[in-house]
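Asker: Given the sequences, and given the hints that come with them, work out the whole structure.
The chain contents come next:
There are 2 protein chains.
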Amino acid sequence: MSTDIKAFQDYYADDYSHCYGCGRLNEYGLQIKSYWDGDESVCRILPKNYYSGGKADILYGGLIASLMDCHGAGTAAAAKAREQNIEMVAGAMPRFVTASLKVDYLVPTPVNIEIELRGTVKEIKGKKVTVGVTLSADEKICARGELIMIQLPEPQ
Amino acid sequence: MSTDIKAFQDYYADDYSHCYGCGRLNEYGLQIKSYWDGDESVCRILPKNYYSGGKADILYGGLIASLMDCHGAGTAAAAKAREQNIEMVAGAMPRFVTASLKVDYLVPTPVNIEIELRGTVKEIKGKKVTVGVTLSADEKICARGELIMIQLPEPQ
Chain A
1 MSTDIKAFQD YYADDYSHCY GCGRLNEYGL QIKSYWDGDE SVCRILPKNY YSGGKADILY
61 GGLIASLMDC HGAGTAAAAK AREQNIEMVA GAMPRFVTAS LKVDYLVPTP VNIEIELRGT
121 VKEIKGKKVT VGVTLSADEK ICARGELIMI QLPEPQ
Chain B
1001 MSTDIKAFQD YYADDYSHCY GCGRLNEYGL QIKSYWDGDE SVCRILPKNY YSGGKADILY
1061 GGLIASLMDC HGAGTAAAAK AREQNIEMVA GAMPRFVTAS LKVDYLVPTP VNIEIELRGT
1121 VKEIKGKKVT VGVTLSADEK ICARGELIMI QLPEPQ
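So the sequences go chain by chain: A and B. Take the first sequence: its position 72, counting from 1, is numbered 72 in my numbering, and each next residue is one higher. Add 1000 to a position in the second sequence, counting from 1, and you land on the number used in my numbering.
Hint data in this document are derived by calculation from the structure and do not stem from the laboratory. Please read all numbers here as calculations on a predicted model, not as lab measurements. Virtual Cβ for every residue (Gly too), placed ideally from N, Cα, C. Some hints could be false.
Reference listing, derived: stretches of chain A covered by chain B, where coverage requires no fewer than 3 residues with Cβ under 8 angstroms from a Cβ of chain B [as the list claims (entries may be wrong)]:
| # | stretch |
| --- | --- |
| 1 | 20-29 |
| 2 | 38-45 |
| 3 | 50-64 |
| 4 | 90-98 |
| 5 | 101-110 |
Answerer: Written out as structure tokens, the structure is:
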């Protein structure tokens, strides 16, 4: 990803930028970044190796759910912004919260490797957006998720 | 909880104790602890306030999924151990991995408050255990989860 292209999360309003997973104002968090890649959204991250599961060489399932949650929220927001032709300036990105999250863990995900999340918008219905997400390591899909996201009111 | 009662996670084998959410050997992790309370399992935790969602005063949805994941895995393990009358000594606790995780976020969960997870065993079928989990703050249920957990082979 070129560093001069801003991520979805860079356009969230300050008030909505404190998320542990994707908030640019959360100095303790993961600060993940999501971008369009055609009609799919993509996020790449090399998680610190202490985000392990029970075994030290396997990625933590809770982190997988967390990454899907944030990437899914970002994808829903960017899809809504694109549908409504919202001009992308600071604070202009809509903000979504998760109504439900479903993750199927297919095979163990290794640590110490860059992982890739890819999102697809399955449905936009008013303030409700359904997003599918895959998580891959070394080009192998390790987990699949589906999220139902709900758009929040504009910050006052 | 009395501190002289060991938690489910204290009986995991060392090799399976590196989890970011519940591993007693993961010094960077949350080290959650789960116990029986009759037929339900319970875990209480006051998460650090940087585990926030987009807004700084709301708990991170990814953390909620993570806590449910670990508490669900512990509950499945303890239920299996109880079913099989396994004597609880160091390393004796069976270890489960998550096949699927579903979380419904009902209302926002506040930060800076102790939260309580309660687990119920819905079904034990061989190596597959289905667990339901609620997450409450101030005695109000904020999220519900359901997990399908699969028992791992014994560590060699």
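Asker: Confirm or reject each hint.
Answerer: Hint-by-hint comparison with the structure:
| no. | hint | verdict |
| --- | --- | --- |
| 1 | 20-29 | holds (count 7) |
| 2 | 38-45 | violated (count 0) |
| 3 | 50-64 | holds (count 11) |
| 4 | 90-98 | holds (count 3) |
| 5 | 101-110 | holds (count 6) |
The structure is inconsistent with hint 2 alone, although it conforms to all the rest.
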